[in-house]
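Visitor: Sequence:
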Amino acid sequence: MNGLTPRCLPFADRMVERWLRSNRAQLSQEVRQVYYLSMEFLIGRTLSNALLSLGIYDDVSSALAEMGLDLEELIDEENDPGLGNGGLGRLAACFLDSLAALGLPGRGYGIRYDYGMFKQNIVDGRQKESPDYWLEYGNPWEFERHNTRYKVRFGGRIQQEGKKTRWIETEEIIAEALRPDHPRL
1 MNGLTPRCLP FADRMVERWL RSNRAQLSQE VRQVYYLSME FLIGRTLSNA
51 LLSLGIYDDV SSALAEMGLD LEELIDEEND PGLGNGGLGR LAACFLDSLA
101 ALGLPGRGYG IRYDYGMFKQ NIVDGRQKES PDYWLEYGNP WEFERHNTRY
151 KVRFGGRIQQ EGKKTRWIET EEIIAEALRP DHPRL
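Just so you know, full-length UniProt numbering puts the end of the sequence shown at 185, numbered straight through with nothing missing.
Wrong hints could be hidden among the right ones.
Derived Cβ-Cβ restraints for the label pairs, each shown as a range [what the hints assert, rightly or not]:
#1 114 to 64: 26 to 36 Å
#2 133 to 66: 32 to 42 Å
#3 13 to 135: 15 to 25 Å
#4 130 to 174: 30 to 40 Å
#5 149 to 110: 15 to 25 Å
#6 16 to 62: 16 to 26 Å
#7 64 to 171: 52 to 62 Å
#8 62 to 130: 19 to 29 Å
#9 169 to 133: 34 to 44 Å
In case anyone wonders, no lab produced these hints; they're calculated from the structure.
Note that the structure is a prediction, hence the values are computed from the model and not measured.
Beta carbons are placed, not taken as given, at the ideal position from N, Cα and C, and that holds for glycine.
Using the sequences and the hints given, assemble the complete structure.
Guide: Quick look at the structure:
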């Protein structure tokens, strides 16, 4: 197991607590939310973002320094999930970070890839590419929700009823899937 994974768990717990509070507040206010659908989210490493969002980056850095440890070295141990090829994936991640920073309710939905783009190594003077299994040591920043099901509709048409719009005559299935939530606060 990567030594960083268990060290991130206390921070991940604090992120989840804030995320759950935020969700409850949004649901109780019945506010509209932004839903951002993207094939990729190039989120980068999460530890530094989490510490900054929790407002404890400097405190953690100082505490580690007192123990002779360097926060930047710890941050560099985190696997960087290569879950996109640049522009659109980075834009999607920045958009969600901006929503979170502004306190606006929003969610990003996409595909959770088990493998990133690929790893490149030089072996015997030649370039060798291999899958980048970024989840090799697990991901302390996400948690699975096994009891979550969604209605997924296909086809149909839109019907206007005064100021309301309804989606009718659809084919509907109930989808049950692995849905790891990855809080961004």
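Visitor: Confirm or reject each hint.
Guide: Verification of the hints:
The hint said 26 to 36 Å for the Cβ distance between residue 114 and residue 64, and at roughly 31 Å that hint holds. Under the hint 32 to 42 Å, the C-beta atoms of residue 133 and residue 66, about 35 Å apart, fit the expected range. For residue 13 paired with residue 135, a C-beta distance near 20 Å keeps the hint of 15 to 25 Å intact. A C-beta distance of roughly 37 Å is found between residue 130 and residue 174, which places it inside the suggested range of 30 to 40 Å.
Residue 149 and residue 110 have their C-beta atoms about 19 Å apart, which keeps the hinted 15 to 25 Å range intact. Checking the proposed 16 to 26 Å range against residue 16 and residue 62 shows it holds: the Cβ atoms sit about 24 Å from each other. At roughly 55 Å, the beta carbons of residue 64 and residue 171 sit within the given window of 52 to 62 Å. Taking 19 to 29 Å as the suggested C-beta distance range, the pair residue 62 and residue 130 does not conform, at roughly 39 Å.
As the Cβ distance of residue 169 to residue 133 is approximately 43 Å, the hint placing it in 34 to 44 Å holds.
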